[in-house]
Each structure stands twice: as structure tokens, then as C-alpha cells.
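Asker: Below are the chains, spelled out letter by letter.
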Amino acid sequence: MVVSLESTGNTSVEPSADAELHRRLVYGDESALAEAYRAYGALVKAVAVRVTHSPGAAEDVAQEVFAQLWSRPYAFDADRGTLRTWLSVLAHRRAVDWVRSEARHRKDARADDDALHTIPDAAPGPDEAVVDRERSLLLHSALAELPQPQREVVHLAYFAGRTYRQAAVELGIPEGTAKTRLRTALRTLAESLADPPDPAWGQGA
Amino acid sequence: MTEHDDVRDLLAAWAFGALDPSEDKTVRRHLAECETCGTEAESLKRTISLLDGPPSTTAPSAPAPEDGVLSAARRTRRPATPHVAAHATPYAAAVAGLRALLPEAEARWSTPVVHDWDVHATLAHLLAADEPLAARLGIAPRVPPSRTAAPTPPAPWQEAWNRRTAHVIDHEYGRTPQESAADWSAQADELLATDEARDPERAARAAELMGMRLPIADHFLVRAFETWIHTDDIGRALGLSVPPPPEAHLRQLIRLAVRVLGLALGPTAPPVLFEVTGGDRWVLGSDAEPVRAELALEPVDFCLLVGGRYPPDEIPRSASGDEDAVRNVLERAASLSWL
Chain A
1 MVVSLESTGN TSVEPSADAE LHRRLVYGDE SALAEAYRAY GALVKAVAVR VTHSPGAAED
61 VAQEVFAQLW SRPYAFDADR GTLRTWLSVL AHRRAVDWVR SEARHRKDAR ADDDALHTIP
121 DAAPGPDEAV VDRERSLLLH SALAELPQPQ REVVHLAYFA GRTYRQAAVE LGIPEGTAKT
181 RLRTALRTLA ESLADPPDPA WGQGA
Chain B
1001 MTEHDDVRDL LAAWAFGALD PSEDKTVRRH LAECETCGTE AESLKRTISL LDGPPSTTAP
1061 SAPAPEDGVL SAARRTRRPA TPHVAAHATP YAAAVAGLRA LLPEAEARWS TPVVHDWDVH
1121 ATLAHLLAAD EPLAARLGIA PRVPPSRTAA PTPPAPWQEA WNRRTAHVID HEYGRTPQES
1181 AADWSAQADE LLATDEARDP ERAARAAELM GMRLPIADHF LVRAFETWIH TDDIGRALGL
1241 SVPPPPEAHL RQLIRLAVRV LGLALGPTAP PVLFEVTGGD RWVLGSDAEP VRAELALEPV
1301 DFCLLVGGRY PPDEIPRSAS GDEDAVRNVL ERAASLSWL
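Line by line, the protein sequences are chains A and B. Numbered per this note's numbering, the first sequence spans residues 1 to 205. Numbered per this note's numbering, the second sequence spans residues 1001 to 1339.
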């Protein structure tokens, strides 16, 4: 025997917005994907543009990132960070991949050109823009490899435009820690330029 | 700390553009005066500008229509959740939820889950567990019927159900987990494509399945319940936390579970005022005497209890009044061991 009484009203603990969005993504609610895109689409594209310098590539990256969120919602774990940084980090990694493969294509194209021109021109010094592009890629590769705690602060400060204080609040860490992580991260990035990985290493010399 | 030390401490954040205006002003003022800091700041800024890369040669893009990115993302590797009537949406969502989890099980199919099942066997069990409703709705079984002769007299439903699960698990072990997953998924799609999933009137007809005579609509809820509980089992086994079903679905599952619990307690059990936190309240048991006790459980905990996933003496509760009456409700709920 069951007698229904009136509802007591909603007293359950409010789950975090990210966890709630994740819950809806998991259960196939397409409006949750649209919501995530409205909230973070601009950030994801901004990250991708800063790395690729190509709006078209940024669109492709954004598409991949949100496709990943939709098809593999369990790749994001709300207990281990915010959706904002997760998407930002994913966009960055995909954008770095794009630049790498782009650089490979360019090199291949150059090699083809060289093969065609049997009489080489007076070898021009490497174009400054090319050097800058390579350095930028080195730095972004290093950024992608930073330990997660540093990477998060860098993403919030550099890509999401947060002050270190805002980043500290968002990550639930002391302001001093956020500052220190930015300093350590920037030093690591600078070192990656001073000491680029030796291409010979990869050949098992 | 002197201003000099303060500023040195802030230089990296400054280079990243991560200072608030007042700090930024302090830093700039100091940099104009202090050569040491100026040099360091320049070198930090240089790294950041290299990170920025060469200035873009392409014009800034017009913002692309949102739908380009979104619709492309939506089309990817995940079937759309079918549109069904309210009684079947929790099942549709639970199916989507298990589908979302399965990619995480790749290469880990033999992880132990519950009973003596691994992930693969748990899927096979679900394939078998969806069969009675599928059969009732005219969907042919995907696994051939067991060869062993039906016992005489007919066995109780639990026995037949256990035997069928064992048979289907055996059968599926002869195939790849991906094939089993595809079959479970296809059968679920067929269930969701029936008229009974879309039309509340047709789902209002009663059917006795697995020992329970309920409207077809409620049998869809039972499928949602079991699918979610096993998804949760698999998630635990893989170390992933599976979120509870959407709030509205959870309430539907709870209302059904309370109804079944009420039937199991019968009309003479000592009455208990039962509350699911944040939701409805019911009096369980006899309505001929005053309430003996009050009991409140969290929604998910109550579902896990009814699903046989929580020992009745360990479940977090808030209770007052006659302890025996409370224990009676908890033990009866656990003994439903619905799944």
C-alpha cells in the first residue's frame, strides 16, 4: 500500500554546472552540446587561431573538439578539472597537431621543389617568418607537455584572458601558487627554445 | 618585500598579460626605473611574442555560423537519441548512456564487473534481459533459443531468466565484444522503434514479464532502470563515475520502484513515512494505523538499494521512530533485488 503525499520541494545539493552538463552529454541530450558550444566555442576557436593563425584550421579544430566531447563524453572527468580548461587543452593539442602536419607538408613540398630544380639557386637564408613559425611550434609543443597544474594556469591566463588571481579562484589554489606556476611554466617554455630537441635522437644514433 | 621583489615576483604573470590594472601599472612604473627588471621583462616578453607566432597574414574571419561546427560535431560517431513518448525516454537515455561508456571499455572487456561477469558478459546479460519485453513487442531474439528442453512443470521465472542469461553469455563469448555490443544496441533500437515506445495508449496495456504484471510503459522504465544500474556497474569496474540519470528520469524510476515496493510490503506492514530527498513522500504499508516511523533516502541510494547494489544496513539514511518498521522497509526494498 502506497499513499502519495505532497512533494517536499527540491533540497538536494546543486551539482556543479560542469557535472550537470556532463550528465546531459552522457545521456545523449543534444541541447547540452549546443550549450557547451555557446559557452566555450569562442574560447576553443581563439586557442586554435592563436596556434594555427588560420581561421579555417581553427574551425576544423573546433569541430574535432566538440565532436570528441559529444562522442566520448567520458574522456572529460569533472572531478579532475573544469570543462573550460579541458576543452582549451584539447583544442591546443589538436591545433599543435595541425601545425605539425602542416609543417611536414611544407617540407615535403620544398623537397619536391628541390628535386625538380637540378641547378639550385644561390641558397637563400631561411625566411625569418619560417624560423618564427618553427619557434612558435616548439614553444607550443612545450606548452602542451607542461605538467597539468602549470598547463591549467597558462591556459586560463594566456588563452582565456584571466588574471592570475581569477585563475587562482577558478582552480581553487592560492594566488601565490598561480603566480609561481606561471613563472615556472614560462621558464620551461624559454628553455625549450634554448635547447631544442636534437633531431638525431629520433634516429637511434 | 620591497617593490622590486614584488615586481620580480609578478613579471611572468605580467608577460602573460595576467595582471589586474593596478598591478600592471605598478610593474610598468618599476620597469621604467629598474634596469635588472627591465632586461628580464624583455626576455620574458620575447618568449611570449614567439609563442604568439608571426602576425597572421589572413584577415580575421567572419564568425562562421554556429551550426557548421555543431552539426558536424553531432553527426560524429553517435546515433541520435530517438524521439519516443515520455514513458520510454528514460530507456532511450539509458541506452545512450551505455553507448557513451562502451568506447572506454575497448581493450578492457574482460574487467570483472558484477557476479562473475566481465564487461562482455554484462552486455550479454543486458541483451538477454531486454528479450522478454522485445518478445512481447514482437521482436525476434538475436540469440537462438536454448536447445535444452523446457522443464516440466514450468520453472519459476527467475530460473528461466537465469538460464537464458547463462545461455546468452555462453553464446556471446563465442563472438567479439563489439559484435555483442552491436547486437545489444540494435535490439535496443528496435525496442525504441516500436509503436509501444511512441504511443502512450498502446503502452498502457498490461503485460506480465519477469514476474511483474505492469503496463508496458512501466516495463520500459524497468529496462531503463536495469540498463542504468549495469552501466553504473561497468563504470565502477572501469574506474569511471557514471552520472545518475537526468533528474526527471530518476523521479520516474523512483515512483515506479516505490509502487513495486508498496506492493511487496503489502497492506498490513507497519506504516512508514518514506521520503526520497528533494522529491515525493509516501506512506508505505498499512493505511489503517498511525505512521510508526519516518525514513528518508537520497534518490540514487534508494535506486541502488532496490537494484540490490546497497546492503540495507549500510545505506545512508535519516530515520526516526520504530526501528523495526524502518528495517522492514529497507530489507524488503533490498530483497526486490530488482535486477
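What the hints contain is simulated information worked out from the structure, not anything from laboratory work. It is possible that some hints are incorrect.
As the list claims (entries may be wrong) - Chain A stretches covered by chain B per the calculated footprint, using a threshold of three residues with CB under 8 angstroms from any CB of chain B:
| # | region |
| --- | --- |
| 1 | 82 to 95 |
| 2 | 101 to 109 |
| 3 | 150 to 163 |
To be verified - Under 10 angstroms between C-beta atoms, here's a sample of chain A residues computed to sit facing chain B:
| # | residue |
| --- | --- |
| 4 | Ala17 |
| 5 | His22 |
| 6 | Arg23 |
| 7 | Val26 |
| 8 | Arg50 |
| 9 | Val51 |
| 10 | Val65 |
| 11 | Trp98 |
| 12 | Gln166 |
| 13 | Ala167 |
| 14 | Val169 |
| 15 | Glu170 |
| 16 | Leu171 |
| 17 | Pro174 |
| 18 | Lys179 |
| 19 | Ala185 |
Glycine included, each C-beta is placed from N, C-alpha and C at the ideal position.
Asker: All hints are to be evaluated individually against the structure, with a verdict given for each.
Answerer: To see whether the hints hold, each was checked on the structure:
1. Coverage of the region 82 to 95 of chain A by chain B is violated [criterion: at least 3 residues with CB-CB distance below 8 angstroms; count 0].
2. Chain B is given as covering the region 101 to 109 of chain A, and this is violated because 0 residues of the stretch bring a CB closer than 8 angstroms to a CB of that chain, at least three being needed.
3. Coverage of a stretch by a chain is defined here by at least three residues with a beta carbon nearer than 8 angstroms to that chain's beta carbons; for the region 150 to 163 of chain A and chain B the count is 6, and the condition holds.
4. The closest approach between the C-beta of Ala17 of chain A and any C-beta of chain B is roughly 13 angstroms, which is over the 10 angstroms cut-off, so the hint fails.
5. A hinted interface residue such as His22 of chain A counts as satisfied when its beta carbon comes closer than 10 angstroms to some beta carbon of chain B; here the least separation is about 6 angstroms, so the hint holds.
6. Checking Arg23 of chain A against chain B: minimum C-beta separation of about 4 angstroms stays under 10 angstroms; hint holds.
7. At its closest, the beta carbon of Val26 of chain A sits 5 angstroms from a beta carbon of chain B; the interface hint therefore holds under the 10 angstroms criterion.
8. Taking 10 angstroms as the C-beta cut-off, the interface hint given for Arg50 of chain A holds, the closest approach to chain B being about 7 angstroms.
9. Against a cut-off of 10 angstroms between C-beta atoms, the interface hint on Val51 of chain A holds, since the closest Cβ of chain B lies about 8 angstroms away.
10. With a least beta-carbon distance of about 8 angstroms to chain B, the hint placing Val65 of chain A at the interface is held under the 10 angstroms criterion.
11. With 10 angstroms as the threshold, the beta carbon of Trp98 of chain A stays out of range of chain B, its nearest partner Cβ sitting at about 13 angstroms, so the hint is violated.
12. Residue-level restraint check for Gln166 of chain A holds (minimum Cβ-Cβ distance to chain B is 8 angstroms; threshold 10 angstroms).
13. Residue-level restraint check for Ala167 of chain A holds (minimum Cβ-Cβ distance to chain B is 7 angstroms; threshold 10 angstroms).
14. Residue-level restraint check for Val169 of chain A is violated (minimum Cβ-Cβ distance to chain B is 12 angstroms; threshold 10 angstroms).
15. Look at Glu170 of chain A: its Cβ only gets to about 12 angstroms from chain B, farther than 10 angstroms, so that hint breaks.
16. With its C-beta approaching chain B no nearer than about 13 angstroms, Leu171 of chain A sits outside the 10 angstroms limit, and its interface hint is violated.
17. Contact between Pro174 of chain A and chain B, as hinted, is not supported at the beta carbon level, the nearest pair being about 13 angstroms apart and thus beyond 10 angstroms.
18. Annotation: Lys179 of chain A was flagged as interfacial toward chain B, and the flag holds, the nearest CB pair being 5 angstroms apart, inside 10 angstroms.
19. Look at Ala185 of chain A: its Cβ gets to within about 8 angstroms of chain B, closer than 10 angstroms, so that hint holds up.
Of the numbered hints given earlier, the model fails hints 1, 2, 4, 11, 14, 15, 16, 17; all others are met.
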